[in-house]
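Asker: Oh and the sequence shown: position 3 is 3 in this note's numbering, straight run, nothing missing.
Mixed in with the good hints there might be a few duds.
What follows is a list of derived Cβ distance ranges for each label pair [as the list claims (entries may be wrong)]:
| # | residue 1 | residue 2 | range |
| --- | --- | --- | --- |
| 1 | 124 | 185 | 19 to 27 Å |
| 2 | 181 | 141 | 32 to 40 Å |
| 3 | 123 | 78 | 32 to 40 Å |
| 4 | 50 | 87 | 31 to 39 Å |
| 5 | 110 | 184 | 17 to 25 Å |
| 6 | 79 | 123 | 25 to 33 Å |
These are calculated hints, taken from the structure and not from any lab test.
C-beta atoms are modelled at their ideal positions from N, C-alpha and C, and glycine is treated no differently.
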Amino acid sequence: MLEHMLLRAMAAVLATLAAAAALTGCDDQEQPEEPTPSAVSTPLTDFSTDDITITRADFCSRVAPNAVEEALGGTAESSETYANGDRARVAAGVHDVAHEYGCTWKAADGTVARAWVFAPPVTVEQAGALRKAATGKGCRPLRGAPAYGDPSVAVRCGSETSFHGLFGDAWLSCSVEAAGGDRTALLDRTGRWCVTVAQAAAA
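Model the full assembly from the supplied sequences, consistent with the hints where possible.
Answerer: So, in structure tokens, the structure goes:
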């Protein structure tokens, strides 16, 4: 009986929200356009990740286009966003139902910039397991890389460099995949990209 009452209550709330949204949509007043986000390129070494709060929700629309171009080294030829419950790339060569919010941009030369945050809350213990999993077969941790949350890890897997870290209960990741080039420069480039990602995903 209690379960049925809760379901009815939830249905009523959803109906109220839908009605409110419909009324809002009928407003004839033009809504002001949101300004295009922009970002100042900041090295991860100069960015404190200790006091930033990350939301476990969609953030991709807040990623600055100029930061995407910097990460790619050129203009994005294609982009993709996905949300919790969508079918998406969850690992290299693996597509499944995602339990995260993420976005991907790709340049004409094949360079790829990615960012994603887990939808479920993550504990410190779980973060430790995720940190270990990030350094699996074909990947190696980058010793001496700047922190990106706590705990965190920087990893190189082939031509992809990535940062993963825990911000409160949010597990945030970002990566740049680029063939060739100086690895030290790519680490800095990825770090700058990850600063932008954290700023976009911040509460």
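Asker: At the C-beta level, are residue 79 and residue 123 separated by a distance inside 25 to 33 Å?
Answerer: Since residue 79 and residue 123 have Cβ atoms about 32 Å apart, the given range 25 to 33 Å holds.
Asker: Taking 31 to 39 Å as the stated bounds, is the beta-carbon spacing between residue 50 and residue 87 within them?
Answerer: holds (35 Å)
Asker: Is it true that the C-beta distance of residue 123 to residue 78 lies inside 32 to 40 Å, as the hint says?
Answerer: holds (35 Å)
Asker: Given the hint of 32 to 40 Å, is the C-beta distance from residue 181 to residue 141 inside that range or not?
Answerer: With Cβ atoms ~20 Å apart, the hint is violated.
Asker: So does residue 110 sit 17 to 25 Å from residue 184, Cβ to Cβ?
Answerer: holds (21 Å)
Asker: Given a hint of 19 to 27 Å, does the C-beta separation of residue 124 and residue 185 actually sit inside it?
Answerer: violated (33 Å)
The earlier numbered hints that this structure contradicts are 1 and 2.
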